[in-house]
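Q: Sequence lines, in order, name chains A and B.
For the first sequence, the working numbering begins at 1 and goes up steadily by one.
For the second sequence, the working numbering begins at 1 and goes up steadily by one.
Hints are supplied without guarantee of correctness; some may be wrong.
Among chain B residues calculated to face chain A with C-beta under 8 Å, some are [to be verified]:
| # | residue |
| --- | --- |
| 1 | T154 |
| 2 | I221 |
| 3 | K222 |
| 4 | A226 |
| 5 | S232 |
Straight line, CA to CA, 25 Å or less: simulated DMTMM-like cross-link-like pairs of lysine to aspartate or glutamate [claimed, not checked]:
| # | chain 1 | residue 1 | chain 2 | residue 2 |
| --- | --- | --- | --- | --- |
| 6 | A | K190 | A | D228 |
| 7 | A | K93 | A | D171 |
| 8 | A | K93 | B | E231 |
| 9 | A | K118 | B | E231 |
| 10 | A | K93 | B | D153 |
| 11 | A | K236 | A | E216 |
| 12 | A | K143 | B | E231 |
| 13 | A | K182 | A | E92 |
| 14 | B | K6 | A | E138 |
| 15 | A | K143 | B | D153 |
| 16 | A | K61 | B | E231 |
| 17 | B | K6 | A | E125 |
Quick caveat, the hints were computed from the structure, so don't treat them as lab data.
All figures in this text were calculated on a predicted structure; none of them were measured in a lab.
A virtual CB, placed ideally from N, CA and C, is assigned to each residue, including glycine.
Each chain, written out:
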Amino acid sequence: MKNKTVIATNHLSIGYSSKNSKTVIAQNINLSFESGKLIALIGANGIGKSTLLRTLTGIQKPLSGEIELNQKPLQAYTALELAQNLSVVLTEKLPPSNLTVYELVALGRQPYTNWVGKLTSVDQEKIANAIALTAIQEIVHKKHFEISDGQFQKVLIARALAQDTPLIILDEPTTHLDLHHKVSLFKLLKKLAQETHKCILFSTHDIDLAIQLSDEMIVMTQKQFIQDQPCNLIEKGVFNSLFQDEDITFDAQKGKFVFK
Amino acid sequence: MSGSQKHTITFIALGLLLLFLLLLNISFGQIAIPIKEVFKSLTGNTASKESWEYIIFNYRLPKAITAILVGFGLSISGLLMQTLFRNPLAGPYVLGLSSGSSLGVAFVIMGASFLPVYLAEIFLSPYGIIFASCLGSLVVLIAVLLVSQRIRDTMAILIVGLMFSSFTGAIVSSLTYFSTAEQLQKFTFWSMGNLGNLAWSQISILLIVTIIGLLLSISKIKALDALLLGESYAKSLGINFNRTQIIIILATSLLAGSITAFVGPIAFVGLAVPHLAKLIFQTSKHWILFWGTLFFGAITMLFCDLLSQLAGTVVLPINAITSIIGAPVIIWLLIRKRNYS
Chain A
1 MKNKTVIATN HLSIGYSSKN SKTVIAQNIN LSFESGKLIA LIGANGIGKS TLLRTLTGIQ
61 KPLSGEIELN QKPLQAYTAL ELAQNLSVVL TEKLPPSNLT VYELVALGRQ PYTNWVGKLT
121 SVDQEKIANA IALTAIQEIV HKKHFEISDG QFQKVLIARA LAQDTPLIIL DEPTTHLDLH
181 HKVSLFKLLK KLAQETHKCI LFSTHDIDLA IQLSDEMIVM TQKQFIQDQP CNLIEKGVFN
241 SLFQDEDITF DAQKGKFVFK
Chain B
1 MSGSQKHTIT FIALGLLLLF LLLLNISFGQ IAIPIKEVFK SLTGNTASKE SWEYIIFNYR
61 LPKAITAILV GFGLSISGLL MQTLFRNPLA GPYVLGLSSG SSLGVAFVIM GASFLPVYLA
121 EIFLSPYGII FASCLGSLVV LIAVLLVSQR IRDTMAILIV GLMFSSFTGA IVSSLTYFST
181 AEQLQKFTFW SMGNLGNLAW SQISILLIVT IIGLLLSISK IKALDALLLG ESYAKSLGIN
241 FNRTQIIIIL ATSLLAGSIT AFVGPIAFVG LAVPHLAKLI FQTSKHWILF WGTLFFGAIT
301 MLFCDLLSQL AGTVVLPINA ITSIIGAPVI IWLLIRKRNY S
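Please put together the full structure from these sequences, using the hints given.
A: This is how it looks when you write it as structure tokens:
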């Protein structure tokens, strides 16, 4: 299958605007993401990763510039159409409820079900597929608060898969996980991007893992936005300028950060 | 699927239980009427005694129907509020909606004397009282909602509800100092809760308002499911969050307000019954919980009404019975708390 552009930005400027003032967080952002790719968004705390993701998912309006999702302007989508093209995995906790893992994954089918949310055989098939891809069969009957953090992230990813969208955006999916679960989650995302041919964009602070496992990276710094393959980014020495701290440097040979 | 079969069996059992309690409820009272005779007279045949017929159609049946409608409305408003506020301990009584209604009704009953006679008559009509009561609960609901958007802590929201109750309660008691003994008596009787006071004309008004409230709730079944994931996820699933919120608020205050207007504040039914439904059906799907809550609501109210008459010659206020059952349920929920923080 040929890779096609799923989402692209053109001279995008992000930030917050109130009545009197505009707070620009980043401007002139030109990015484009293709299907079948796993893309990591990295940058120091407070640089605006979340703002960028919120803008790309349509939660927040851009200050200027355009976002095109599947060659159509983002603001031209209805809420329902957008839900069929873009799914998210967020960092926020779920409200207390008795949702089981299966019910949680099944909620991903909402953009396709009838007015009471009845699951058709097609829906059930997609749900089963999402559960199989994320290998959470063992826990589908458990309540969502009875499982570990690592399992919970997989369940949220399964829910996004069930939503059956060409683009999945994840906000720091590996926080709170130990190294073993971080690696297995990254590998899962990589596998999903290849097998399902979706475009998967995620933000992370696990830079060395992202370098090894993602197809492309976007590096956000105060000055610039760079999108490229990890090896090229290393060659250009981009990672050295990531943190405004002379004690942290990037060792290109080892492919990881070292500090004095 | 075996799950849906199990649900069907549960629903049939609940339907039979409801029917049985309805007959029992009508047969029970100071003058006992055999269940067989109740059944006969409800199915269109005439009962053996004319006095029985008279009692059934003028006292017992209206009261039983009122109990069922109250059970429907309060329980569903509880279900809606628990999902909307992301709080398993939310309910129309706990969050102060009933107090808001009381305030509305208190203004109407005790404040009407300050108005010219023709206006007072409009205010004291069933419509005036319903309107004041719904408005009262709507105001409190919106106030609690606004506060809850600033405070994410579930327990804090309950305390806010408690504060609103105290606040409205204080205004009501202040009002009583300016009212006549007759008005005070009227209000006191109202506030104790009474299912048996309604005429058929009032029941039909209650029926219509309840149906509107239930239909509004049904229209948002799917959105309620999505709300279990929180606002952001619900939006990402294509749900119009603001419209959903408005309709749920409207449905809740219509249901809680109109019921409180007619039968007085009734505690804990709205909070406890949805939990009963969740416990029995073991699901989070609102489509099933909705019907389960309806059945359990009606059953609970009929049962409580039955209990209120067990003391022999005196009939206890219904609010006392629901509190005696309901308050321990809340404590049990808190002790058993799973991920309720």
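Q: Looking back at the numbered hints, which does the structure fail to meet, lowest number first?
A: none
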